[in-house]
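K.L.:
Taken in order, these protein sequences are the chains called A and B. The letter at position 38 of the first sequence is residue 38 when you use the numbering used here, and the numbering goes up by one with no holes. The letter at position 55 of the second sequence is residue 55 when you use the numbering used here, and the numbering goes up by one with no holes.
Note that these hints are calculated values from the structure, not bench results. Take every hint as true, because none was put in to throw you off.
Subject to a maximum C-alpha distance of 25 angstroms in a straight line, what follows is the list of computed DSS-like cross-link-like pairs (lysine-lysine):
hint : chain 1 : residue 1 : chain 2 : residue 2
1    : B       : 79        : B       : 121
2    : B       : 125       : B       : 7
3    : B       : 7         : B       : 121
4    : A       : 69        : A       : 25
5    : B       : 6         : A       : 121
6    : B       : 79        : B       : 53
7    : B       : 79        : B       : 6
8    : B       : 53        : B       : 63
9    : B       : 52        : B       : 112
10   : B       : 112       : B       : 125
11   : A       : 2         : A       : 62
12   : B       : 6         : A       : 2
13   : A       : 121       : B       : 79
14   : B       : 125       : A       : 121
15   : B       : 110       : B       : 53
16   : B       : 7         : A       : 121
17   : A       : 121       : A       : 69
18   : A       : 2         : B       : 7
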Amino acid sequence: MKFGILVNEGPYQHQAADTALNFTKAALQKGHEIERVFFYHDGVNNGTRLTTPPQDDRNIVKLWGELAKEHDLDLVVCVAAAQRRGIVDQDEAKRHGKNADNIADGFRISGLGQLIEMGIKSDRLMVFGD
Amino acid sequence: MGNGAKKFMYVNRRAPYGTIYALEGLEVVLIGAAFDQDVSMAFVDDGVFQLKKGQDTGESNMKNFSPTYHALGDYEVTKLYVDRESLGERGLSQDDLMELTYEDEDDDYKEKPSIRIVDRKELMKLMEEQDVILNF
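Could you build all of it, start to finish, from the sequences and the hints given here?
P.N.:
Have a look at this one:
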């Protein structure tokens, strides 16, 4: 089966990010496909590389990036939600005159159309949030 | 709507201004309208407050995005299901909601109401028919 994954909450504040990550991992282990993982609302905070959790805790941002690398996943952060919350890549930083970017490895910034397209292309869309 | 269009339902569960879910949810609906799918919206729990008429955010310094709901008809989002019990539980009736309409292109562009008050059983049935449910 082909799954689309929507993550609507940020890491640490809410379990949804962990559950989405674990679900994605489990689905891949079972031989399912992941069409895309889309991050919306505070979920965009899963994609900042400035995240620095205590050393004895999991690093959710890094775990997403590693999983994406291993399985060639498409991790997409919504551009509008990201702009509100200060998640930018190089292009966005340049466009808005910011002096830094913070998108994490393995993530890319794109539009909401990618969410709808994921819904169309997936056999099932899973929403992780509150 | 092309063949093979999927049924998308956007389920709105939260009041409009306490959190950003309603506003960002509406943004998804507007973008999604370009994809030519079979779209509907459901309003349940505190989500029914999103459709309340006379919203005034002046003193809260927040953007009043309620006029955007009036544009939904132009985006061919014409099925807005409102849970009757959620209205009742909050002391609301249809009279408290904005009058949202769309022009029915299959019926000489007659103006028709977009809001349909449904009970939970009907809503359950509608949800079962969906391919994709996004809840905000």
